[in-house]
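S.K.: Listed below, chain by chain, are the residues.
4 protein chains.
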Amino acid sequence: MTSTIIKNGTIVTADLTYKADIRIEDGVIAEIGPNLKGGTELDATGCYVMPGGIDPHTHLEMPFMGTYSADDFDSGTRAALAGGTTMVVDFALPNPGQSMLDALTMWDNKTSRAACDYSFHMAITWWGEQVFNEMETIVRDKGINTFKHFMAYKGALMVDDDEMFSSFQRCAELGALPLVHAENGDVVAQMQAKLMAEGNDGPEAHAYSRPPEVEGEATNRAIMIADMAGCPVYIVHTSCEQSHEAIRRARQKGMRVYGEPLIQHLTLDDSEYFNKDWDHAARRVMSPPFRSKAHQDSLWAGLASGSLQCVATDHCAFTTAQKRTGIGDFRKIPNGTGGLEDRLPMLWTFGVSTGRLTMNEFVAVTSTNIAKILNIYPKKGAILVGADADLVVWDPKRGKTITAGAQQSAIDYNVFEGKEVMGLPRFTLTRGQVAVEEGAIKSQEGHGRFVSRPPLTAPAKALSTWKELTAPRKVERTGIPASGV
Amino acid sequence: MTSTIIKNGTIVTADLTYKADIRIEDGVIAEIGPNLKGGTELDATGCYVMPGGIDPHTHLEMPFMGTYSADDFDSGTRAALAGGTTMVVDFALPNPGQSMLDALTMWDNKTSRAACDYSFHMAITWWGEQVFNEMETIVRDKGINTFKHFMAYKGALMVDDDEMFSSFQRCAELGALPLVHAENGDVVAQMQAKLMAEGNDGPEAHAYSRPPEVEGEATNRAIMIADMAGCPVYIVHTSCEQSHEAIRRARQKGMRVYGEPLIQHLTLDDSEYFNKDWDHAARRVMSPPFRSKAHQDSLWAGLASGSLQCVATDHCAFTTAQKRTGIGDFRKIPNGTGGLEDRLPMLWTFGVSTGRLTMNEFVAVTSTNIAKILNIYPKKGAILVGADADLVVWDPKRGKTITAGAQQSAIDYNVFEGKEVMGLPRFTLTRGQVAVEEGAIKSQEGHGRFVSRPPLTAPAKALSTWKELTAPRKVERTGIPASGV
Amino acid sequence: MTSTIIKNGTIVTADLTYKADIRIEDGVIAEIGPNLKGGTELDATGCYVMPGGIDPHTHLEMPFMGTYSADDFDSGTRAALAGGTTMVVDFALPNPGQSMLDALTMWDNKTSRAACDYSFHMAITWWGEQVFNEMETIVRDKGINTFKHFMAYKGALMVDDDEMFSSFQRCAELGALPLVHAENGDVVAQMQAKLMAEGNDGPEAHAYSRPPEVEGEATNRAIMIADMAGCPVYIVHTSCEQSHEAIRRARQKGMRVYGEPLIQHLTLDDSEYFNKDWDHAARRVMSPPFRSKAHQDSLWAGLASGSLQCVATDHCAFTTAQKRTGIGDFRKIPNGTGGLEDRLPMLWTFGVSTGRLTMNEFVAVTSTNIAKILNIYPKKGAILVGADADLVVWDPKRGKTITAGAQQSAIDYNVFEGKEVMGLPRFTLTRGQVAVEEGAIKSQEGHGRFVSRPPLTAPAKALSTWKELTAPRKVERTGIPASGV
Amino acid sequence: MTSTIIKNGTIVTADLTYKADIRIEDGVIAEIGPNLKGGTELDATGCYVMPGGIDPHTHLEMPFMGTYSADDFDSGTRAALAGGTTMVVDFALPNPGQSMLDALTMWDNKTSRAACDYSFHMAITWWGEQVFNEMETIVRDKGINTFKHFMAYKGALMVDDDEMFSSFQRCAELGALPLVHAENGDVVAQMQAKLMAEGNDGPEAHAYSRPPEVEGEATNRAIMIADMAGCPVYIVHTSCEQSHEAIRRARQKGMRVYGEPLIQHLTLDDSEYFNKDWDHAARRVMSPPFRSKAHQDSLWAGLASGSLQCVATDHCAFTTAQKRTGIGDFRKIPNGTGGLEDRLPMLWTFGVSTGRLTMNEFVAVTSTNIAKILNIYPKKGAILVGADADLVVWDPKRGKTITAGAQQSAIDYNVFEGKEVMGLPRFTLTRGQVAVEEGAIKSQEGHGRFVSRPPLTAPAKALSTWKELTAPRKVERTGIPASGV
Ligand SMILES: [Zn+2]
Ligand SMILES: [Zn+2]
Ligand SMILES: [Zn+2]
Ligand SMILES: [Zn+2]
Ligand SMILES: [Zn+2]
Ligand SMILES: [Zn+2]
Ligand SMILES: [Zn+2]
Ligand SMILES: [Zn+2]
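Protein chains in written order, with numbering that gives the first Met the number 0: chain A, 0 to 484; chain B, 0 to 484; chain C, 0 to 484; chain D, 0 to 484.
Hints are computed from structural coordinates only; laboratory data are not their basis. Ideal Cβ positions, reconstructed from N, Cα and C, are used throughout, including at glycine. Treat the hints with care, as some may be off.
Stated by the list, open to error - Cβ-to-Cβ under 7 Å is the rule here; a few derived chain C residues that face chain D: (1) N34; (2) D160; (3) K275.
Assemble the whole structure, with the sequences as input and the hints as a guide.
M.R.: Below, the structure is given as structure tokens:
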């Protein structure tokens, strides 16, 4: 077979920046060094060669009210590759009472056309002995080390504190990592009802019904439960200072807590919901909703200082037609926005170009950190010999104005419409296959493979050692009860 | 009728310290000034004359597993008066499904022998239309403006977030104040089960099962719910930095949140649970449990800086015999400790004498602040003409060593046993009646009356104005959906 | 002599709201009660009767570059009374090397036309044995218990940490309270020079040269020095979250720290400096400068929660002509804005009417709290028999649009120009003299008297007890050095 | 020449743990892979192969009152190697008025016997045009990118805020990093004098004279100055929560601030100063002093969460005889303790073995992070082909009890005396030379070389971009002054 060689680029990883060429063989990095020759050459002159992005949070072809989120593993992974992302992690969502194994099969069936690698988080949507037992199978046999918990979506996906504690304890035993969608579902449901009763039925009421306090509270609660159960915890879509504060407060006590801002929350704000155009506002409906600008500063600082670890998209795209289900009742607007194609260019433009982040931090928060958290580093998220050749050749001089008309996603709009970005892939490679070349999509349906993720990361093991060391000790007493006053 | 005159003392209130005599007529302060004459004179030379203490948190004759807490309104109010406290606020606890009006009648029946004035908080132990409706009656007709919510005691008193939000909203409408016992009951129950399963069945496991994090989380949650519902909130028995931090964080955003440390948590620590004597440890079992010394500093600072408002006792006394119900299973140890007689002397000794608090702050946190919060100021908690003559003539030179043998409480031990206090009542007066004189108890059974408390404090009204001003506003749109990208 | 009776009003104090009439005799409150009769009656129907405002921070007739701040004790106290303020505390500023006693005489000479009562803070502008010694005289003989320290104005008023520590220690000994203008003068001076060098010579550069971080740092430093010296500390013109955060952080450790926001910082923001009109911007030049809106929320919350204690003005008015001294060099724009007449109406309108503050809190932060801090309560800041009849009869239905044309201040503009306020004095009384009646000024030149303030407040004494209790203890060793490894 | 091969070990870096052998040639890592053969083999079976430690903070042969700190570059680097540390960074300290270039020459002269690599920080001990100019030479020609500033040691090394701001600005221009010893020197000097005056002359008074508040204040101030000057800042020997809090607060705003706890502060506490043996206490005298245990938790959590970056020693060893200079006056006790040999074993034992840190974090905080901060990564702090073969083969089963008798350091005691550590070097290699083998020291005098460090790290460049983007902008005005009110 022939090699591919990436020539004349500057390699940028989470901790290094240096000039070198890369030889790829069999989809894997075979050699890194100067002046490599032989095989197909990809010219990276003037470019940064970085690990392809990993998006740890997508919902492709997710069932919703008799239909599905509009991007499936075909269009979704194409969008990912177009934007320099080479792996997505989706969520398998069992129905109440459904076996997790069944659910996983259902979800796995959707992936046949995936153009890049993928993995799954498993959701805990109900609790019982079967769930308790299947968690072990999921971790040991199915290559999944993360379990998602929804504190919102009452009556649907939501679990209560009792179930969370049970599940988190099980995660601690298995060396798995709980993920949490942190919003207080009880309060959201009540506020939704109140707003509707008052005639507040538009998309802005979606934001009113789940303010930052509601997210901050749930984040704080999830962290406490994880601390008591003795496991790390990962908060998805951290959108606001309140939630970030809870994460920081835990981390400053040494707790192993991770936070994941979305590119949407970093760059868009809640003024979108006040747009006079219902469609415009409804297209931005997601949970948590966009926040005021002050929250953006908090999130950016978190990425720079390390209190937040990764930038995701929660890509869950619905067409305008689907969004219109919620006319007259904002609660029926399907929750979700797109972003898979835009995450890297937006983050580069508003993060690296402004000096908020270094290039190395860009790599850390788009791939390396999550690869470590998900225990797939350095197979993914690294530029090392032996690592998968999931790479993006990043051209900092290549720009565009984001527009729905030019996107890979199946939907008819883009929440970043009109944003000018500078910094785009010259090439995106998925396990060595050139999926994108100067804007041309050359991805292959079905090229993507499931990425298996083992449990027991180093932090989880360390935490478990510490928890054992500091566990409650019984006071030994003789003759109980003993003496007097 | 004859006057009583308190002569030659120094009056100390929450904001004044000055020399003056006080004339009392018909149980009410009739005159304050120099050289008052006529009537029975009480010599206050060398003493501070202060408003009698108000203990906002007692459980007298509370039903428990077929028996009752050991101090009833007789011994309880005697203990109160002996220690300079002239009013107690107890809790009416409806059974699940029981009418609040019925419960109130049951509780009211216990008070016939009360020697000092009293009032009731009403507990929300279940939710439904009947509760919603009766809350108005309780507030408008029954003179009760506070509703207690238990976030712990799962399967018994505990309410969930949904119920709390409903009740808090109702409080907002009625101008009532929700009180919260803040511990995460789900997590406590699970941790209790785990500890028992591991053989940790002693009193120390009680503390292990409800660490500060569990209280801090619930406090944080209660505050968020109150903020969303638009009412102030009062956290009972704030025992630790975690809970205090949540309170401070809310207050620094302008939220109307109150915290109540107990004299026990201010002066006793969790080393008590490690006593080799099971009885010793079990007698200290209460919820939240005693904490490590670092938490005490936090609470004292909160009193001095105003982030915590009042010192209570949660007086709920059980005899050693009752405590022994829990041999072999700490979950069955009745929760509660005494303190009614010791609150003021202990706080004076460890607060005022050390310089942590001024005398004025002592008055503020033992009576005035809670009188304002409960909307009974200046009838109670003040030394003003027209105010009830609930007074303590405090002798800073009078000391003793606390011991169970000499106490009014019906139980056979005292958690402060052996503490040396300096500062005791020379006289305690309840509406002018001299109930204590130099250690001699002269209280009258049945002298105590119910104190009616109207709703709508100034902070509650201000908050409601602010919430209205900043309420969600509907975006007016024409032709939905409209246009666009 | 004849009485004055305020009839039919609602008395509002820092902790009470009730209907009663007030009889005034000899400038003092003689009686409070229903249906008082006899003497001149002032109709307070529909009004709130409150303690007159105390402005703890003014600079009347302050020397500046060969001229003086435009309002003297005549126009300044008239402005005060017009706005419901009945006492001002000004600053005596010794020149370097000048005796404090001389300085006090100079300042005292300015007060002959004062229409309301006043007092002085003494500034520590240099250090030496003479200053050390005179501080005692100032406190014991001159009725001044506060010493001001400037951490900014390098080369002029500024003192360094060494001098501050020395002075604070002396304050601790004398029971006096240090006040601090907290901005890092070294850094300000350097940034000013840098901005000028870059051509940034306009009024906006004034704000650029002293950002919130510079104030927060100095506040934090002053607090630490006070803590080490063992005295309370009062931070003047707390303008931003950074400074407020330092205050909160100290208070939550139990430190006795006070913060004073100005009405300007509560209601005006830094966008004023970007006005295209140089005059407009220059007229708003003061130190600290106005801040962004986010800081206002912090300050309002501090007033509601008690982490900030009083609202002042730092009234230091310069005419447009005076301001123009700084054309071409913002460093020469005289620092200062007016506000004496506007403080109460602005605070009522944006504080009480919005629900951010209760009426009682309004009284607390405009008079009562500072009266306690300055140890002149209840002579001032109270409505009690025996207190000075410094009163404002506040008409919540009386409104106006603030405009320079109608003000008492001698200057030709008003920084609140155009603000609509609702809530104004119907009457202002200074020691019983009706100085304002429905907008008509009836004040008497020379009516004002110096208010003597004794040292040793209760918090200062308590702190000193605590510091003694926790003072360093020597380790007793025999045979030094003793033994081996 | 021949290769050295490290066989059968597990490589542990800051982000990877994997089995591989390492081939070393010419002092550099030549190959990493399985089953390497040829050359001298070092058996790493059962061991972790990690980058050798870098100690960024030592004072070898530092002049002190006519004598020198007891460990020079000979014994000091031997101690380092014995404990697995393969590089030290020392401080060149110019006398007041002395050229930095002269000082550097003096310091460089001491290094001829160094057994491992070293570098220098340059101290700013005075300010002037010469210093300003020489800073550029130091950075561009001398391979030094860090400048140390002392906020304490008044009258000796201390610089004031003005000088710090000037120097920090210069650092910003040059892309250099300021380091700060953060204690308020003015306050320390005053408190020292006060303690002496009160007869507190023992070593415990050293601790009394510089409490955590004094360090926290200075840290906060240094950070503000760096923020204003536009450069990152590195706080040396962060010993307490107060200082750590200031660092966290800055980082949560996105500031580029680094903190360096010492192994002493992580594991020893201030009870040492209360030892009845004067020698015992005096030997522990260093600045900042040891703190109470609560501070240790803060520091450990900072290492785990990333708010603190590296563990150093501030190794500055004085013999008992030298320490006794301070009998009768604690101010004369030479400040400093040892730790070079003990840093890694102590951190492993109390950090990794307890589960507070992962092994990867251990590597990060002992070498990799500081290598990045000092801009010498991956030459140092990495296990990569091309990196210097500064390696430690760590045997987790090898233990000892620390005792002065067995140490390399020249002094006659050890502050860790009696501590049992588990985890020691089997081999330490400095650029391939086996300097330690199973406890036997085989180091070579003079083997060590100066490590040149270029300026302009990625964070410094990013910060500078951000500061430029957000720099003050002049408001353009025409016709100044313009219009009216
Ligand atoms: Zn979600
Ligand atoms: Zn999602
Ligand atoms: Zn309770
Ligand atoms: Zn209770
Ligand atoms: Zn000032
Ligand atoms: Zn001023
Ligand atoms: Zn140092
Ligand atoms: Zn040092």
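S.K.: Each hint should be assessed against the structure and marked as holding or not.
M.R.: Okay, the hints, checked on the actual structure:
With a least beta-carbon distance of about 48 Å to chain D, the hint placing C:N34 at the interface is violated under the 7 Å criterion. A cut of 7 Å between beta carbons decides the hint on C:D160: the least distance to chain D is about 4 Å, and the hint holds. Interface restraint check for C:K275: the shortest CB-CB distance to chain D comes to about 6 Å, inside 7 Å, so the restraint holds.
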